[in-house]
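K.L.:
Sequence:
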Amino acid sequence: MGKTAETISSKIGFFGGSFDPIHLGHLSLAKQAIQSANLDSLLLCPAYHAPLRAEKPFFSPEIRLKILEQIARETPQIEVCKLEIEKRMTCFTYNTLKEVQSQHPQSEIMVLLGADQFENLSNWQSSQELVQICKFLVFSRSKTEIIPPDIPGLSYQLMQNELLDYSSTKIRNRIKSRQSVKHMLPEAAHKFIN
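Numbering of the sequence shown is given in the numbering used here, commencing with residue 217 and proceeding in unit increments.
Worth double-checking, as some hints may not be accurate.
Stated by the list, open to error - Subject to a maximum C-alpha distance of 20 Å in a straight line, what follows is the list of computed SDA-like cross-link-like pairs (lysine to any residue):
no.: 1; residue 1: Lys247; residue 2: Pro365
no.: 2; residue 1: Lys351; residue 2: Lys272
no.: 3; residue 1: Lys314; residue 2: Leu299
no.: 4; residue 1: Lys386; residue 2: Ser234
no.: 5; residue 1: Lys359; residue 2: Leu380
no.: 6; residue 1: Lys359; residue 2: Ser234
no.: 7; residue 1: Lys247; residue 2: Glu315
no.: 8; residue 1: Lys386; residue 2: Lys314
no.: 9; residue 1: Lys272; residue 2: Lys359
no.: 10; residue 1: Lys314; residue 2: Asp332
no.: 11; residue 1: Lys386; residue 2: Lys227
no.: 12; residue 1: Lys314; residue 2: Ala266
no.: 13; residue 1: Lys227; residue 2: Leu374
no.: 14; residue 1: Lys386; residue 2: Ile363
Just so you know, the hints here were simulated from the structure itself, not pulled from any lab data.
As the structure is a computational prediction, the values presented were derived from the model and not from experiment.
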């Protein structure tokens with residue numbers, strides 16, 4: 217990565233996703249990541265349209281961005297990265313992180329990633345280059361063993377996170393069938409949805 221302990225001024229977490237909608241599980245993981253990796257800040261980066269997601273987002277990019285901005289105002293150390301939404305197109309993590317890196321040249325970047333995505337990292341666009349510019353903070357979605365991908369230069373830390381049963385897909389399905397989702401969403405998200 218080319219940075220030494222002497223040249224690093226801060227540790228920034230990067231949590232990308234559709235956040236369609238963001239739920240209490242996302243927020244809990246973000247807060248746990250800040251503690252676990254001793255991050256100075258964590259960027260929530262909503263995807264305009266995630267590369268590996270076939271269907272269009274349920275909520276518009278503008279609504280998802282407004283929800284995240286409200287959460288960032290209410291949550292210390294959490295900020296919103298608008299790079300992908302502002303481009304109004306599908307973006308790849310490597311390209312976004314290159315921009316984040318140029319904005320924070322003296323910072324170590326840690327990408328918060330679920331075990332399932334981490335195990336498939338070698339299938340990501342520019343994965344070889346991606347591992348050269350960041351470290352990964354990997355959270356579990358289940359109690360199964362996490363198998364790291366075989367990518368030279370990969371640096372990661374496994375997070376000892378609380379297992380939470382939240383899913384944006386379940387939430388969208390509950391919204392479609394007019395069931396309550398209040399217990400699954402941060403207040404900021406619930407206000408926008410109702």
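K.L.:
Hint by hint, say whether it matches the structure.
P.N.:
Cross-check of the supplied hints:
no., hint, result
1, Lys247 x Pro365, "violated, 26 Å"
2, Lys351 x Lys272, "violated, 29 Å"
3, Lys314 x Leu299, "holds, 11 Å"
4, Lys386 x Ser234, "holds, 14 Å"
5, Lys359 x Leu380, "holds, 11 Å"
6, Lys359 x Ser234, "violated, 24 Å"
7, Lys247 x Glu315, "violated, 24 Å"
8, Lys386 x Lys314, "violated, 33 Å"
9, Lys272 x Lys359, "violated, 31 Å"
10, Lys314 x Asp332, "violated, 23 Å"
11, Lys386 x Lys227, "violated, 33 Å"
12, Lys314 x Ala266, "holds, 17 Å"
13, Lys227 x Leu374, "holds, 16 Å"
14, Lys386 x Ile363, "violated, 26 Å"
In summary, the structure is inconsistent with hints 1, 2, 6, 7, 8, 9, 10, 11 and 14 from the numbered list given earlier, while agreeing with the others.
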